[in-house]
Amino acid sequence: MTTTKSRVVYTPSFTDGAEFRIPTFKVLKQDGSLYKGAKAPALDKDKALRIYRTMVTTRILDERMLAAQRQGRLSFYMQCTGEEAAVIGSAAALDDADMIMAQYREQGALAYRGFTIDEFMNQLFGNELDYGKGRQMPVHYGSKKLNYMTISSPLATQIPQATGYAYGQKLAGEGHCTITYFGEGAASEGDFHAALNMAAVQRVPVIFLCRNNGYAISTPAAEQFAADGVAPRAYGYKMDVIRVDGNDVLAMYEATKAARSLAVEHNRPVLIEAMSYRLAAHSSSDDPSGYRSKDEEAVWREKDPILRMRLWLERKKWWSEDDEKQLQETMRREVLETMKRAQKRPPPALETLITDVYDEVPPALADQFEKLKAHIRRYPDAYPKSAEHAKGGA
Amino acid sequence: MTQMNMLQAINNALDTAMAADERVLCFGEDVGVFGGVFRATSNLQQKYGKARCFNTPLVEQGIIGFANGLAAQGSVPVAEIQFADYIFPAFDQIVNESAKYRYRSGNLFNVGGLTIRAPYGGGIAGGLYHSQSPEAYFAHTPGLKIVVPRNPHQAKGLLLAAIHDPNPVLFFEPKRLYRASVGEVPNEEYRLPLGEAEVLKEGTDVTVLGWGAQMEVIEQAVDMAEKDGISCEVIDLRTILPWDVETVANSVLKTGRLVVTHEAPLTGGFAGEIAATIQERCFLYLESPIARVTGMDTPFPLVLEKEHLPNHLKVFEAIRSSVDF
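For the protein sequence lines, the chains are A and B, in the order given.
So for the first sequence, the UniProt record's numbering puts the first residue at 1; every next one is plus one.
So for the second sequence, the UniProt record's numbering puts the first residue at 1; every next one is plus one.
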């Protein structure tokens with residue numbers, strides 16, 4: 001049985017879909033005023049300030065931690081810089097019980113949910129308090145209590161998982177949904193196609209949020225796909241889609257709010273393409289000067305999403321120069337202090353090397369562990385992080 | 001007790017699990033109203049509804065990605081990959097995701113509810129892509145469990161154990177036995193232990209080890225050997241990962257000889273892992289080199305399938321050579 005109810009023609013007729021031009025939804029101008037005809041979302045002062053503070057906190061955390069990486073205190077780091085509105089504006093439109101399955105550049109969404117600077121630092125330094133027990137590289141955060149799935153390095157694997165997670169939420173019938181974030185590069189992976197297609201077929205309450213930030217490491221979007229961005233793919237899946245100015249926090253909030261209601265109330269999965277720019281390098285291991293110009297970066301620096309929101313808040317008299325100064329000082333101090341604390345904490349216990357592979361340690365692995373401990377006891381100086389832990393046992 | 005073939009036993013296990021727990025879901029290509037190309041999921045959609053037993057689009061990486069998400073959410077997905085030969089598009093989701101979910105999150109999250117079922121193995125004139133035994137690829141991945149049943153009784157008991165095990169389990173079903181293997185199966189729920197081998201027959205001269213459909217081959221070979229006066233100890237490994245080193249080592253300490261057989265190719269096959277571990281554990285007790293009787297290092301052939309496969313004659317020869325060494 002075919003699902004196509006198609007008009008019949010009698011001469012060959014091709015289309016490249018160019019007639020489908022997807023517009024970009026914008027609310028906020030760079031000077032903090034609204035576009036003509038645009039309406040600010042229903043956002044009270046407390047919530048607006050929570051969003052703004054989270055954006056500033058994320059920016060400061062990113063600046064400080066990149067500096068810490070440059071100083072050799074941290075092995076690796078990834079910044080959200082330039083994309084704070086896309087990430088935090090969307091996260092703010094969700095319920096705290098909704099699941100977030102992110103890629104790796106969405107620390108702002110986790111900060112919005114209430115992950116503390118201490119919790120960030122413990123992961124970054126992989127100390128004994130890291131929830132991930134020091135097993136993953138920096139920025140692979142996760143929080144069960146905040147419904148933020150632990151980050152996994154392989155790209156796009158989280159996207160079909162989000163479809164499955166949301167299917168489970170739909171069956172549970174408690175009115176929750178899942179949002180998954182990914183870049184426009186990751187959208188080239190097969191997992192992206194699988195996820196969107198399955199979500200559309202099963203009518204799953206999931207929001208696919210593509211951060212189109214222009215680059216996948218060094219590869220520009222123009223070399224990633226020939227189409228007009230990622231958004232038109234939604235037509236192929238019969239999925240609701242919207243393209244949003246990703247540097248416009250009000251538009252991101254409004255669009256995600258509406259997407260959430262489509263997902264939860266109507267079981268309609270949604271694709272959101274947030275148009276933004278990765279102002280920082282891909283990671284601390286990358287140097288963008290090898291593939292893009294300072295002039296190009298300068299254009300986007302002018303479109304800073306944080307400054308845009310600040311100007312809006314100031315126009316509403318919800319924020320002042322003094323508030324800004326105080327927030328900046330407080331956050332910088334907190335980041336520095338917590339960094340020092342986290343760095344001093346001991347590493348996870350040696351035993352964490354073998355736990356959580358399975359729910360219980362299998363006998364063969366327990367044997368390997370006993371051998372390792374005996375080895376460390378013979379060469380304690382070679383293993384300063386674990387010599388103390390290796391003392392017990394046969 | 002009811003007489004069932006292996007497919008009926010698997011269907012019965014799925015039915016039992018779905019009846020007992022509404023979080024159990026079955027899905028994959030053609031598993032819905034049709035009941036799967038082998039009919040392992042027959043009547044489950046009719047009985048439990050389209051929300052709990054359904055067709056998926058034809059995308060293995062999507063099926064397992066979806067299943068991982070469901071399991072992380074707290075559901076108990078039983079995902080079917082139509083043939084083990086087609087599991088490779090899902091390799092990333094299994095090896096990098098299912099296997100590492102618990103470890104990488106420090107046990108905040110896990111996909112322990114996940115079971116992946118796949119018909120596997122040769123002997124049905126399936127050629128390259130309906131015959132493979134890919135267990136060794138997955139056995140190289142800590143965090144997974146791998147189980148292969150040899151008969152209907154095991155199929156039900158091990159599948160129910162796999163579904164309830166708090167770790168992701170790959171359940172490979174020897175499709176050659178789907179209708180060929182018939183036996184008594186309890187009607188009620190029961191579980192057989194994972195990670196434990198089963199000694200099927202005690203003997204003194206040589207240990208013969210296999211799993212799944214190879215156990216039938218071993219039985220024939222052992223019959224021949226016993227007629228020649230060779231006393232064989234026969235072990236069904238049942239779980240490939242994590243495997244029961246103790247039972248195998250204790251047997252070889254007694255017999256001094258080991259023959260391991262599997263359908264998958266020799267090089268990098270799981271018999272190599274067993275041989276390495278057993279020579280380490282039993283070095284001074286070994287009377288002869290550990291023998292591996294396996295498929296050849298070729299893609300799985302079609303017309304010359306019989307020549308390729310480690311049949312009872314090849315296993316018998318290996319038993320003889322081991323004893324005569």
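Don't read these hints as lab results, they were simulated from the structure.
There may be inaccurate statements among the hints.
Unchecked claim - Derived Cβ-Cβ restraints for the label pairs, each shown as a range: (1) Lys39(A) to Asp21(B): 45 to 51 Å; (2) His375(A) to Pro166(B): 27 to 33 Å; (3) Gly268(B) to Tyr10(A): 23 to 29 Å; (4) Arg179(B) to Gly17(A): 45 to 51 Å; (5) Gly49(B) to Ala97(A): 55 to 61 Å; (6) Ala172(A) to Leu58(B): 26 to 32 Å; (7) Ser153(A) to Pro57(B): 47 to 53 Å; (8) Arg73(A) to Ser288(B): 54 to 60 Å; (9) Thr219(A) to Leu266(B): 53 to 59 Å; (10) Pro166(B) to Asp228(A): 52 to 58 Å; (11) Leu302(B) to Tyr383(A): 52 to 58 Å; (12) Glu280(B) to Ala172(A): 30 to 36 Å.
On a predicted model such as this, the values are computed, not experimentally measured, just so you know.
A virtual CB, placed ideally from N, CA and C, is assigned to each residue, including glycine.
Comparing the hints with the structure gives:
| no. | hint | in the structure |
| --- | --- | --- |
| 1 | Lys39(A) to Asp21(B): 45 to 51 Å | holds, 48 Å |
| 2 | His375(A) to Pro166(B): 27 to 33 Å | holds, 31 Å |
| 3 | Gly268(B) to Tyr10(A): 23 to 29 Å | violated, 58 Å |
| 4 | Arg179(B) to Gly17(A): 45 to 51 Å | holds, 48 Å |
| 5 | Gly49(B) to Ala97(A): 55 to 61 Å | violated, 26 Å |
| 6 | Ala172(A) to Leu58(B): 26 to 32 Å | holds, 27 Å |
| 7 | Ser153(A) to Pro57(B): 47 to 53 Å | violated, 26 Å |
| 8 | Arg73(A) to Ser288(B): 54 to 60 Å | holds, 58 Å |
| 9 | Thr219(A) to Leu266(B): 53 to 59 Å | violated, 42 Å |
| 10 | Pro166(B) to Asp228(A): 52 to 58 Å | violated, 46 Å |
| 11 | Leu302(B) to Tyr383(A): 52 to 58 Å | holds, 54 Å |
| 12 | Glu280(B) to Ala172(A): 30 to 36 Å | violated, 49 Å |
The structure shown violates the earlier hints numbered 3, 5, 7, 9, 10, 12.
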